[in-house]
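*Asks:* Spelled out from the first residue to the last, the chains are:
2 protein chains.
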Amino acid sequence: MQDSAQDSPEAIAALPVGKAAGARQNRSVRIVQRSLARAEPVFAQAGLAGATMASLAAATGLPRANLHYHFGTKENLYAQVLENILALWLDASDSIHPGAEPGTAFRAYIAAKLSYSRDRPFASKVFANEILHGAVHLRSYLGLELRRKVDEKAAVIEGWIAQGKMDRVDPRHLLFLLWAMTQTYADFDSQIAAVLGVPALGAEQFAAGQALIVQLVLRGCGIDPPSPKER
Amino acid sequence: MQDSAQDSPEAIAALPVGKAAGARQNRSVRIVQRSLARAEPVFAQAGLAGATMASLAAATGLPRANLHYHFGTKENLYAQVLENILALWLDASDSIHPGAEPGTAFRAYIAAKLSYSRDRPFASKVFANEILHGAVHLRSYLGLELRRKVDEKAAVIEGWIAQGKMDRVDPRHLLFLLWAMTQTYADFDSQIAAVLGVPALGAEQFAAGQALIVQLVLRGCGIDPPSPKER
DNA sequence: AAATAACTTGACCGAGCAGTCAGGTTTGGT
DNA sequence: ACCAAACCTGACTGCTCGGTCAAGTTATTT
Chain U
1 MQDSAQDSPE AIAALPVGKA AGARQNRSVR IVQRSLARAE PVFAQAGLAG ATMASLAAAT
61 GLPRANLHYH FGTKENLYAQ VLENILALWL DASDSIHPGA EPGTAFRAYI AAKLSYSRDR
121 PFASKVFANE ILHGAVHLRS YLGLELRRKV DEKAAVIEGW IAQGKMDRVD PRHLLFLLWA
181 MTQTYADFDS QIAAVLGVPA LGAEQFAAGQ ALIVQLVLRG CGIDPPSPKE R
Chain L
1 MQDSAQDSPE AIAALPVGKA AGARQNRSVR IVQRSLARAE PVFAQAGLAG ATMASLAAAT
61 GLPRANLHYH FGTKENLYAQ VLENILALWL DASDSIHPGA EPGTAFRAYI AAKLSYSRDR
121 PFASKVFANE ILHGAVHLRS YLGLELRRKV DEKAAVIEGW IAQGKMDRVD PRHLLFLLWA
181 MTQTYADFDS QIAAVLGVPA LGAEQFAAGQ ALIVQLVLRG CGIDPPSPKE R
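From first to last, the protein sequence lines stand for chains U and L.
Residue 1 is where the first sequence starts when you use UniProt numbering, and the numbers rise one by one after that.
Residue 1 is where the second sequence starts when you use UniProt numbering, and the numbers rise one by one after that.
A portion of the hints provided could be inaccurate.
[Stated by the list, open to error] Straight line, CA to CA, 30 Å or less: simulated DSSO-like cross-link-like pairs of lysine-lysine: (1) Lys-165(U) to Lys-149(U); (2) Lys-74(L) to Lys-74(U); (3) Lys-165(L) to Lys-165(U); (4) Lys-165(L) to Lys-149(L).
[Unchecked claim] To be clear about the criterion: a stretch of chain L counts as covered by chain U if any three or more of its residues have a C-beta under 8 Å from a C-beta of chain U, and this derived list gives those stretches: (5) 103-113; (6) 123-135.
In short, the hints are calculated from the structure, not lab data.
Don't be surprised by glycine CBs; every beta carbon is placed ideally from N, CA and C.
Please put together the full structure from these sequences, using the hints given.
*Replies:* See below:
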């Protein structure tokens, strides 16, 4: 490890490499992928500092030394877990594109983000934990890729506003609030479950949350008309 | 520490106690209070596991052994920091009471929560971090005090709905979303700042966030009329 | 089937950790 | 002035941690 200049993603992926990189790599790749998936809950529940190599080894089913062989350091393992999650986050906003109607686009986006919260709660928590602690491991991601993505989506929303399809709102803050509302069902599930008096969040709670988020956003932005109730 | 049956809040506060509990206690109390305030940022940035007694000692200006004298264990110190924050959280919802109009009540609540996010970001982060990791240190608080508070506020909102002052929504989920939207400006400030390209969140960002949250909630719940723009 | 690279592992190591303690100092009561 | 009790602290301790390593085993190429 003293000879490696820097731990760039390439260098990490290339840790066990020789000249004959054939089918044997696949085995390693599979083990690495499985380990990353199994390490996710550990980092989610304990954080980077709280997760020990012993607990990670137990979760992955590999001996500690073997984890070090594949990933080098705990930080590297953590960085790769984090990297796996980022792709997910960037993809979620696909439904927000110029050709779409704002109503269907936001509905789809909210549904997609809530699906992640339901199906990959640990990924969401690892991400939330990282940002909570200052996002030191993904400063560049936030300032570059995510920022570009947000600029792109903000432009789409600006377009809808210009076309009179929705009220004038700050598109970036709208995205921040969408993230907050959808991720709260993953990140703060223990709080929501405790307050509701249920052991864990189920389909009902997600459905109720989704309905309310959609209502607040679509009516709040003047996309849907107000309730047919009165007036 | 072996003689103490359990670390109840009383037992913790009573750590350094004799028969003559007079004015000398005050000095200790002041030191403890100041230490709790200074420990907050450390726990916020590093989490419970990541915060070391050495870093806490440096932050409080006390020697490590002295911290142990006043608080016993790191967990006890953390628990007291957490407890200090809970009162804040319960008080924030004062504006939501039966006599109020929903519009002014929600406006005031959003303003109050965002004030906490701006002025006590570390408190918010410690709380968020605790819940993110399963809320093991405040299960009872969530299930009892907070749950009661939420039941109480939910009843108020139900009342407003019954009076036709706002649309029918799930009041509990509305509170969850209010928490999520207001706390995101404290807990995920590094993400928001990075995406916006600013070094740190300022008054502008909080104002923009507040305006949008108010708009989404009041129009989304049918309290405010839709924009006077078109239609 | 021999050679070689990839992979695995138990045992080991030094650093840093939370917590302890004996002995000193300050403080408030009398 | 004297005495406890409260408070303070440097030095110490046992342990857990991340990381290393040499000696294995397994798989693939030729």
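*Asks:* Could you run down the list of hints and mark each one as holding or not?
*Replies:* Hints versus structure:
Proximity of Lys-165(U) to Lys-149(U) is assessed by CA-CA distance (about 22 Å); at most 30 Å being required, the pair is judged to hold. Between Lys-74(L) and Lys-74(U) the CA atoms are separated by roughly 24 Å; this keeps the pair inside 30 Å, and the hint holds. Of the supplied pair hints, the one linking Lys-165(L) and Lys-165(U) holds, its CA atoms being roughly 27 Å apart against a limit of 30 Å. Between Lys-165(L) and Lys-149(L) the alpha-carbon distance is near 22 Å, which keeps this suggested pair within the 30 Å criterion.
With a cut-off of 8 Å between beta carbons, the segment 103-113 of chain L has 0 residues touching chain U; three or more are needed, and the interface restraint is violated. A stretch counts as covered by a chain when three or more of its residues have a beta carbon under 8 Å from one of that chain; for the segment 123-135 of chain L and chain U the count is 8, and the coverage holds.
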